[in-house]
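There are 2 protein chains.
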Amino acid sequence: MNGVRSPAGRSVRGAGRGASAATLSDVARYAGVSRQTVSNAINSPELLRSDTLSRVQEAIATLGYSPNRAARNLRTQSSRLIGLRFPPAQEGTANALLDRFVHSLTETSQAAGYHVLLFSGDPEDPTDQAYDELIRSHSVDAFIVTDTYLGNPQTRWLRERGFPFAAFGRPWNDADSTHPWVDVDGAAGIELATHHLADAGHQRLAFLGWESDSPIMDDRHVGWQRAAGDRGVYAVERRVLDTVEAGARAAAELLDAEQISGFVCASDTLAMGVLHTLWHRQLAPGAEVGVVGFDDSQVAQVVQPGLTSVRQPLEEVAVHLVAALGRIIGSGAAEADDESDQEVTEDANDESREQAGLLLSPTLVVRGSSSRKS
Amino acid sequence: MNGVRSPAGRSVRGAGRGASAATLSDVARYAGVSRQTVSNAINSPELLRSDTLSRVQEAIATLGYSPNRAARNLRTQSSRLIGLRFPPAQEGTANALLDRFVHSLTETSQAAGYHVLLFSGDPEDPTDQAYDELIRSHSVDAFIVTDTYLGNPQTRWLRERGFPFAAFGRPWNDADSTHPWVDVDGAAGIELATHHLADAGHQRLAFLGWESDSPIMDDRHVGWQRAAGDRGVYAVERRVLDTVEAGARAAAELLDAEQISGFVCASDTLAMGVLHTLWHRQLAPGAEVGVVGFDDSQVAQVVQPGLTSVRQPLEEVAVHLVAALGRIIGSGAAEADDESDQEVTEDANDESREQAGLLLSPTLVVRGSSSRKS
DNA sequence: TTGAAAGCGCTAACAT
DNA sequence: ATGTTAGCGCTTTCAA
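Chains as they are written, first to last, in this note's numbering: chain A, 1 to 374; chain B, 375 to 748.
Since the hints were derived computationally from the structure, they do not count as laboratory data. The reader is advised that the hints may include incorrect statements.
[Unchecked claim] Not the full set, but computed from the structure, chain B residues with beta-carbon under 7 Å of chain A:
1. Arg-429
2. Thr-436
3. Leu-437
4. Ser-440
5. Ala-444
6. Asn-447
7. Phe-460
8. Pro-462
9. Thr-480
10. His-512
11. Leu-629
12. Val-673
13. Gly-680
Note that the structure is predicted; figures quoted are calculated from it, not measured. Don't be surprised by glycine CBs; every beta carbon is placed ideally from N, CA and C.
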């Protein structure tokens, strides 16, 4: 009472294109059980008697069966897809978080049974329908939002909509948010950088940040203030555009007017500017002037003599974001459950009241640009 | 025998989470037409009388209706999703094509009614089931394959399977392939670079490539041979590891032993190595020694004094790949139709026999590292 | 030009 | 522990 179809099942494969895959019914017939039993073998194997289970699994393997995603999605009202807006590459800067983050997210999601769906759209455009369209068409089960620093209208909108999402970045200007988020402690990173330069013997330090009232910048600046205060070194700061040229100009000015020997930069781009000035003046990075950047970009890794930089643990960020989504998907959207494992790192003194938030500590990757002062 | 459901459909929206969206039936009822008519309004609007059409469209707008993807996918046996393996970030190198390419792909796909689905997997592992699993579950309609240089087993496997895909990269070692591909003419890029340095007055040129018998490397090397031959300059070449350190060492050796004043590098990573050596020796990039890299990475853009580099037109690559997929999806998989617009650029003399292939020309982005010899 | 019927492949609920 | 029934929301015949 089986075998009837088995040759057919095989022959389709050789037939060339299309290769119309086996369905649940095919497997059921082949294994001599009902369709529901096959479904159970996949989704609730503990319900089957072990001999039935192995017979079904064998049939599945033989026929090369995988459940049709569309059918399953339709039935379960889910897509097993996580939406991520993929922003344009920022050229001319050293910002290079995206690759590492997206790869980690892809791997982590896949391990959790999800895939990442990429879409594009303008986050500054209020008429942008990208998120809405994906939600209404049930194309994704949740979003990962990465641009919270824009005071992101999308974030608020998603919350109001009650659609599941998790953010890479704190809800800076949205006090009553309840969505899960993961962020990296920028203040702690800059503290690390500052202490590192002070430890290396630099007495006159400067902080180089970018203009604008971005909360990310403020955060990093807080770290500077804390560390510079702690160490009692001579400390000045400048805010300029986040470009190589502006960083170079600021460095020149700070060297001349303030005899700075240690530069704590809020970005690798600015740090590259500092290195340019040192190069022009024949000053040796590391030996004479210490420089630290932020983000551990490829630039930091390949520039001579290596740029010491604060590195964000993006792999961890991805892991925690996916875990957070797993907790809220299907369980009431924006309502984070307060009793589940809420971790807050030791750095998060001020933030420990945050709900569903997780603040990770960055590390400092030390390279030639900050080797011990001679 | 209807109507029973209507209040439920609406009221859910206010109820908070879930926001179970409107369905075709809701729209049909609201507009006073049959479900089929609504479907036609969306998929074949020309079939409707204009007044019916506008009434339906109004209903769609009012109810905020979008077709349920899963249902549509199930019915049409398609997913409107393009699979792309997202490889791990290569740290310590200047390879930075991915961001630009993926963003372009995302935008282009979206414009064509597709989304990009990311997955991970080990392309070197023959037991890796990532592609197979996605195909069998009907999760994607096609793939974009980017790692053809591996002599990619996946590529051959996909072809045998008859599953639609397009490749970024020529089918180097798969003569009888028939899949569409788009590639960038590396030989032309290196020719551009070489002529550029010769034009700047450099008489003693070196080509710095990486070891291994990668066909990509061979391609670039061909460009070197052509251009160096044309110009009759003194020309030497070296193959080393594709690292900054190896590039630096090779440059030192070439400066000492060959008095080279122009370096044509097969990667930005190697070019950075050359710049390091110049920096150590207080030689001015551009003015004294010309250096050109390949890929126009962020590193090239921010390093002092700017690294001249060959830039791949990734946006165009994405556009043509998506266009190619559009042609083959649903129309018999791997069978490219020979009469559709096959474009081959003027550089593709040798390749003009290629089927379904498109070779794009890179450009040279000139920066400080190759400014005219004084 | 519009409507009715059927079914894509799966899983949830119930019955056995 | 396994089978039966129903239906997720859509589009593709076919009929009116």
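Status of the hints after comparison with the structure:
1. Arg-429: Constraint on Arg-429 of chain B not satisfied, violated at 20 Å.
2. Thr-436: violated, 13 Å
3. Leu-437: violated, 10 Å
4. Ser-440: Nearest chain A Cβ about 4 Å off; hint holds.
5. Ala-444: holds, 4 Å
6. Asn-447: holds, 4 Å
7. Phe-460: Cβ of Phe-460 of chain B sits 5 Å from chain A, so the hint holds.
8. Pro-462: holds, 5 Å
9. Thr-480: holds, 5 Å
10. His-512: Hint holds; His-512 of chain B Cβ to chain A Cβ min 5 Å, cut 7 Å.
11. Leu-629: Not OK, violated: Leu-629 of chain B not within 7 Å of chain A, min 16 Å.
12. Val-673: Since chain A brings a Cβ to about 5 Å from Val-673 of chain B, closer than 7 Å, the hint holds.
13. Gly-680: With Cβ-Cβ at 9 Å, over 7 Å, it is violated.
Hints 1, 2, 3, 11, 13, counting from the list given before, are not met by this structure.
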